[in-house]
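Going down the list, the sequences are from chains V and Z. With my numbering, letter number 116 in the first sequence gets 116, and the count goes up by one each step, no holes. With my numbering, letter number 201 in the second sequence gets 201, and the count goes up by one each step, no holes.
Among the clues, some could well be false.
Unchecked claim - Label pairs and their computed distance ranges (CB to CB): (1) V:Pro55 - Z:Leu190: 40 to 50 Å; (2) Z:Asp252 - V:Lys185: 26 to 36 Å; (3) Z:Pro59 - V:Phe162: 32 to 42 Å; (4) V:Met109 - Z:Thr78: 34 to 44 Å.
These aren't lab readings, by the way, just hints derived from the structure by calculation. As the structure is a computational prediction, the values presented were derived from the model and not from experiment. Cβ coordinates follow ideal geometry from the N, Cα and C atoms, glycine included.
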Amino acid sequence: MKRRDFIQNTALSSAFLGLGGLSLSSFKAPDTKHLTILHTNDVHSYIDPFPPTHPKNPNMGGVARRAALIETIRKENPNVLLLDAGDIFQGTPYFNYYGGELEFKLMSMMKYDLATIGNHDFDNGIEGLYNQLPNASFEFVSANYDFKNTIMNGHVKPYKIFNKDGIKVGVFGLGVGLEGLVDKKNYKETVYNDPVGISQDMARILKHEEKCDLVICLSHIGYKYPNEPDKICDTKLATLTKDIDLIIGGHTHTFLDKPTVLKNADGKDVLVNQVGCYGVNLGRIDFHFDSDASKIALGKSIIV
Amino acid sequence: MVKLKNYNVVLKHFVLLLTFTAFISCAEKKYAVTKIEGREIGITDKNSEVAAIENFIKPYRDKIDEDLNKVLANAPETLDKSGEWQTAMGNFLADITFEKSDKVFQMREKKSIDICLLNHGGIRSIIPKGNVTARTAFEVMPFENSAIVIGLKSEQILEMINYIITEKKPHPLKGLTFTIGKDNQPKNILVNGKPLDTNKVYYVVTSDYLSNGGDNMLFFKKGVAQYDLSYKLRNIIIDYFKENKTITANKDIRITKE
Numbered sequence: 001m002k003r004r005d006f007i008q009n010t011a012l013s014s015a016f017l018g019l020g021g022l023s024l025s026s027f028k029a030p031d032t033k034h035l036t037i038l039h040t041n042d043v044h045s046y047i048d049p050f051p052p053t054h055p056k057n058p059n060m061g062g063v064a065r066r067a068a069l070i071e072t073i074r075k076e077n078p079n080v081l082l083l084d085a086g087d088i089f090q091g092t093p094y095f096n097y098y099g100g101e102l103e104f105k106l107m108s109m110m111k112y113d114l115a116t117i118g119n120h121d122f123d124n125g126i127e128g129l130y131n132q133l134p135n136a137s138f139e140f141v142s143a144n145y146d147f148k149n150t151i152m153n154g155h156v157k158p159y160k161i162f163n164k165d166g167i168k169v170g171v172f173g174l175g176v177g178l179e180g181l182v183d184k185k186n187y188k189e190t191v192y193n194d195p196v197g198i199s200q201d202m203a204r205i206l207k208h209e210e211k212c213d214l215v216i217c218l219s220h221i222g223y224k225y226p227n228e229p230d231k232i233c234d235t236k237l238a239t240l241t242k243d244i245d246l247i248i249g250g251h252t253h254t255f256l257d258k259p260t261v262l263k264n265a266d267g268k269d270v271l272v273n274q275v276g277c278y279g280v281n282l283g284r285i286d287f288h289f290d291s292d293a294s295k296i297a298l299g300k301s302i303i304v
Numbered sequence: 001m002v003k004l005k006n007y008n009v010v011l012k013h014f015v016l017l018l019t020f021t022a023f024i025s026c027a028e029k030k031y032a033v034t035k036i037e038g039r040e041i042g043i044t045d046k047n048s049e050v051a052a053i054e055n056f057i058k059p060y061r062d063k064i065d066e067d068l069n070k071v072l073a074n075a076p077e078t079l080d081k082s083g084e085w086q087t088a089m090g091n092f093l094a095d096i097t098f099e100k101s102d103k104v105f106q107m108r109e110k111k112s113i114d115i116c117l118l119n120h121g122g123i124r125s126i127i128p129k130g131n132v133t134a135r136t137a138f139e140v141m142p143f144e145n146s147a148i149v150i151g152l153k154s155e156q157i158l159e160m161i162n163y164i165i166t167e168k169k170p171h172p173l174k175g176l177t178f179t180i181g182k183d184n185q186p187k188n189i190l191v192n193g194k195p196l197d198t199n200k201v202y203y204v205v206t207s208d209y210l211s212n213g214g215d216n217m218l219f220f221k222k223g224v225a226q227y228d229l230s231y232k233l234r235n236i237i238i239d240y241f242k243e244n245k246t247i248t249a250n251k252d253i254r255i256t257k258e
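Turn these sequences into a full structure, and let the hints steer you where they fit.
Laid out in structure tokens, this is it:
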């Protein structure tokens, strides 16, 4: 009898101990999370580094080096989203010779997660883009290009949601106005819609319906047009919309020393970033999340 | 009996605790951003390379290098693209595009080209003094634009002249000559040495980009005929390099300013 009690008690306490351990870990361990966003834009088929004699970017860029840098960052934090803001194509003979095959294959090897479509991505016609899709392991998003009446129909989503270590990230794409910029025979029946209304819808869907923790706009509409103040651009879009946390841009080949922080329509912070062109830079934005209400109440600090 | 009872107690505790834990973790799983750090990382020769990527690129690169690094011709002096109304590069490109397209046009349509007009912005590089390769042609003309012939009436030739005067750019031009008077109006308009004929259709070779209204050359949209030569502007340059060992530009004046 006594021996039986002993066994029972032991089983009981160890059960409690186990439970105690379980509950302890779920309370304590995962209350902070770290997401690293890496991004490029306007790489324009620049695969090899610039030569040492180049007047503007000597020894800069190169896909093999970019791949090494990305690998190092992934080792440091595996929770990475790797994005490209368009104009992957056109600029070196690699594109003329292989039509974007090598660009897409290398981006797949580097494990790009998502890209948007730039105006030069239509340079071999919309069929030229479509024909290269099998070489891309990543997907394309564009919320304001309507491809319904083109060969690309069904191959481009307005947005994509990623679940990164329990953090829900919604990314939607935007493209630049095509008329007068791209030959009609190349973009065919692609319809460009105004980015502002579309972005408001996208941000609302992603933040409030899909309950994303983070909303990113992957844009090829351009950073800013000082000579065309009425033209929509990333910096204007940031102030005219709400619920967007980060705009990753392209098209204007803008080199920023650091991301621009702007106030959205609700007075909340939005980051806008772009990293020049030709793969000479990699943009990196780290988001640190906390589940501790007292820490959340302190607000967020932006270090740029 | 006793044993069974106690076992039930344990089970009850277990269920209670598990439910409680699950509930807590659900309620707690609301994450918010507390810190954002942003920076730009320059990619330089200090970064190492991924060998697998470099090895993957190599055959693609070798094939291009084999084609593009071969010396095709020589330029005794640099063909520049600076100038107010015409440039060495502009004259060179207009002349060779005229010549090469005319051959194709005569063969296919039994008609002759009268004028060549391209755009200054489409010349992406100069031709430096020295060896000339196919890579030079890629640098001058990276785009996939091809030659197209548009039939224009004399009214559109006048629109073209006014466009050039208004835009003030040294667009590559061949076959058409004129003088800009002190009043900024055109005079002495000649097509291959002959005055404009209001009954004639002039065949103008240009790029498909411009024929679709690129650079606001809207007069091309009023064409009465269109013939796509499917001859890439870059291939015109490469073919010319292959056939001519010495690359020079004609320096004759096409637009005179009073």
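Hint check, failures only: Violated hints: none; all satisfied.
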